[in-house]
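*Asks:* This is what each chain is made of:
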Amino acid sequence: MWHGIDMYSLVYSFGFVPCACEHQGIVDDQFTQLRKLEDENSPHFVMEVASLFFEDCEKLINNMAIALEQKQGVDFKQIDECIHQLKGSSSSIGAMRVKNACIAFRSFSDGQNREGCLRCLQQLSHEYSLLKNKLQTLFRLEKEIVAAGGSIPRVH
Amino acid sequence: MDKGLPAKREITFETELFGSKTFLIYVEPVFSKAGETIGINYMGIDITDQVRKRERMIKIREEIAVQKAKETELNRTIHITEETMRAKQMLATMSHEIRSPLSGVVSMAEILATTKLDREQRQLLNVMLSSGDLVLQLINDILDLSKVESGVMKLEATKFRPREVVKHVLQTAAASLQKILTLEGNVADDVPIEVIGDVLRIRQILTNLISNAIKFTHEGKVGVKLYVVPEPPFAKEGSQHGSDGSTANQTTTNVPKEETCTSTSQTSSDQRGFHGKKHEGSCQNRSQSEPGTPVMNGKIDVTEEQAELPETTVWIRCDVYDTGIGIPENALPTLFKKYMQVSADHARKYGGTGLGLAICKQLVELMGGRLTVSSRVHCGSTFTFILPYKVSLSCDHSDDSDDPDDLSDMDDHGDSDDDATNGFFQFQPRTLGSLFSSNGSSRTQKLLAHNIGHVNSHKINGFSENYCSFPTSNGQAKEMDLVEDACSVAEALEISSEPECSFSHSPDHDSESAICRGRRHHNDVNGENKVSSIDVSTYSETSREVDVKVKISEPQLPAERQGRSDSGSQSTLNTSQEVSNSISKPKILLVEDNKINVLVTQSMMKQLGHTIDVVNNGVQAVRAVQCRSYDLVLMDVCMPVMDGLQATRLIRSFEETGNWDAAAKAGIERPSPSSDSLQPDCTPPKHIPIIAMTANALSESAEECFANGMDSFVSKPVTFQKLKECLEQYLP
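So the protein sequences, as listed, match chains A and B.
So the first sequence is numbered by the UniProt record's numbering: it starts at 1 and just counts up by one.
So the second sequence is numbered by the UniProt record's numbering: it starts at 1 and just counts up by one.
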């Protein structure tokens with residue numbers, strides 16, 4: 001027994017978390033595809049991509065927050081670029097809700113609507129946190145399993 | 001009052017009119033100006049309803065808590081059950097995996113046994129064979145048990161001749177007999193010539209019991225007795241029957257062992273006609289098939305009339321008796337439990353896995369019968385089972401039946417009398433010596449002597465049907481479903497505890513857990529055959545055959561296990577994948593600014609077997625194309641510095657004009673010629689397929705892509721499937 005959970009539960013949960021994520025719409029099929037890319041050569045691929053994404057996302061959200069705070073005028077073009085980037089990344093990684101939040105965000109930024117943008121940014125942050133949370137749970141489980149001597153069930 | 005403090009209390013009164021009512025009473029002392037208590041104020045509120053509601057709430061909460069606890073428990077149980085099922089299936093799969101190469105080893109050993117060997121070699125070989133046999137037996141037992149337990153086992157219904165089954169089983173046992181024992185078999189006359197049942201299983205049970213008997217008997221005899229009995233009480237319903245309720249008649253008219261069923265001798269001539277129907281696979285099932293159903297016998301006339309009834313049921317009892325060491329009474333209850341031997345001493349002395357009886361019991365019960373035992377220590381034991389068999393009514397009944405005297409006729413009849421009718425067999429110890437020489441060759445002789453199709457490697461317990469040559473396909477066909485199911489289940493649950501495979505030669509790939517079979521083959525194939533886009537799913541299905549082929553052709557595969565985990569990956573194997581494509585690798589350029597998209601696309605391409613070059617904007621893209629000849633370009637549309645559309649325009653202009661003037665105008669200096677550069681200006685540069693990767697923004701319409709010179713587009717996010725199709729379409 002490790003950490004009070006047995007190996008079976010660990011592995012079981014491990015299978016469950018991504019399904020739950022997909023079920024809740026937090027990730028979509030693209031994420032599953034990424035998981036399929038993991039193999040002996042790149043055993044931590046998803047974690048790497050996800051980490052990269054988190055960094056990227058946080059930076060962009062930050063930038064947008066700053067841009068929206070500018071008293072002298074919001075640079076909507078910059079915001080638009082950020083959204084574009086974020087939309088691209090999130091769709092590549094399969095972060096469906098983040099991507100959708102970006103799409104909604106874009107319409108407000110197109111309309112140069114500061115209030116709308118702020119609300120969208122908040123929504124975006126929220127979705128991002130949700131995603132990060134779930135994925136980090138997944139990665140933590142992965143670590144635990146590996147640390148306990150197990151191996152990660154690969155997606156077929 | 002005393003304390004001078006107000007108080008609050010709930011008091012319940014019983015009222016006649018309204019039943020029980022609860023009031024909240026509030027009492028407070030009243031003080032005079034001087035501070036003395038002079039009286040009290042008191043208030044009462046009827047809170048009966050509230051109280052009732054409150055109590056109900058509490059009850060509801062309790063119920064909810066109980067419910068939740070039940071659910072949790074149930075979930076846990078389900079979980080455990082699922083895990084258990086998976087583990088069992090995994091075990092079955094693993095056993096199956098182990099079996100094939102092992103039987104290969106044994107087969108080879110047997111073949112070796114037919115070659116010229118000196119004494120020492122032959123002795124060594126015998127040890128190999130018997131060890132191999134034992135392990136194979138064990139594996140089969142495990143597989144059988146798991147099959148029976150999981151309900152996968154399907155019963156066959158084939159016609160077979162009980163006498164032959166008994167004879168054959170005894171013969172087999174006799175051939176490998178190492179002790180001085182007499183083996184005898186007695187099939188009552190009322191047992192039909194032919195019955196219908198699951199030959200293989202019955203033979204299995206019989207063999208198992210006989211070999212047990214032999215194992216625990218050091219002197220004297222081991223025998224089989226078959227006779228018809230009336231339908232036993234435990235049978236819930238009568239035998240099959242048709243409309244006539246012959247079932248009812250059964251019990252009334254029959255006395256055990258005194259069936260007036262068809263006498264075999266009389267109908268032998270008719271029976272002979274059935275010779276041709278003998279099924280190959282059904283070696284000998286127990287001759288338990290008694291002639292006709294007991295029931296039928298009582299009413300012969302009636303049965304004749306029931307010509308329309310295709311078959312009827314006979315209950316045949318089989319006693320496997322011995323004069324062995326016996327079984328102590330206290331051990332009887334646990335005898336049929338799995339893994340139980342009578343005692344640890346027994347296990348040590350006699351070996352065995354303890355699975356045999358459990359399997360027998362399961363099988364017998366599966367077939368609708370019962371298996372029982374009676375024994376006396378130092379005297380011997382008798383294992384008895386009763387099974388129902390169908391009998392085709394096309395055989396005639398005869399009234400004349402000898403009263404089978406089971407223990408009579410110990411004199412041997414040899415074993416080759418009239419097969420169809422002879423009910424008595426005996427194998428004396430001395431016969432053994434003369435017929436067979438030492439163990440090694442006996443096996444060979446048996447091989448040659450019994451040229452039955454499926455009996456290739458004749459094992460003591462006759463589990464021969466699954467071992468044909470290596471690699472087997474027919475034996476596996478039976479297991480295929482189980483294995484495939486197990487695969488899919490097992491793949492979902494990959495537990496790291498590696499099977500304790502100690503094979504060190506190349507066949508170990510087969511013996512590795514089937515759990516990542518599909519994946520492993522995928523990797524193997526990718527690693528070895530360099531097929532870039534192979535369909536993994538087809539692969540796992542045809543895994544066995546292909547697996548073997550791969551193994552045979554690549555004996556140099558490292559024997560290391562592809563542990564699904566982390567460390568120790570076959571880096572050598574897989575990096576070679578990238579380097580050694582049989583065809584010259586197509587050069588692919590990815591133009592993308594988003595780091596994450598790059599990572600994802602790169603990884604997918606790697607999975608498809610390609611390495612790609614990456615640049616981050618249009619300018620770099622043009623430069624790259626100037627330096628190197630690419631077979632395919634994946635171009636993101638929206639990029640900083642220079643977007644995909646413009647870059648494509650520039651590349652196309654080069655292709656059309658043969659020069660990079662347009663690029664130079666855009667600020668990209670001409671490159672110096674290198675070995676990799678494109679053809680000299682006299683020949684027109686070839687058209688590079690450029691695929692746009694669009695994010696579906698308004699500015700990235702398909703027409704615009706085509707207008708700028710792109711050949712096609714894929715919309716983001718880039719998926720494995722899209723990439724694959726792209727490659728298939730645009731790479732030669």
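Quick caveat, the hints were computed from the structure, so don't treat them as lab data.
Predicted, not measured: the structure shown is a model, and the values here were computed from it.
Hints are supplied without guarantee of correctness; some may be wrong.
Said to hold, decoys possible - Partial selection, computed: residues in chain B whose CB lies under 8 Å from chain A:
id: 1; residue: N594
id: 2; residue: I596
id: 3; residue: V600
id: 4; residue: V718
id: 5; residue: F720
Built from N, CA and C at the ideal position, the CB exists for glycine as well.
*Asks:* Could you run down the list of hints and mark each one as holding or not?
*Replies:* Going down the list of hints, with the structure as the test:
1. N594: Holds. Min distance 5 Å.
2. I596: With a minimum Cβ separation of about 4 Å from chain A (threshold 8 Å), the hint on I596 of chain B holds.
3. V600: 5 Å, holds
4. V718: 7 Å, holds
5. F720: 5 Å, holds
Violated hints: none; the structure is consistent with every hint.
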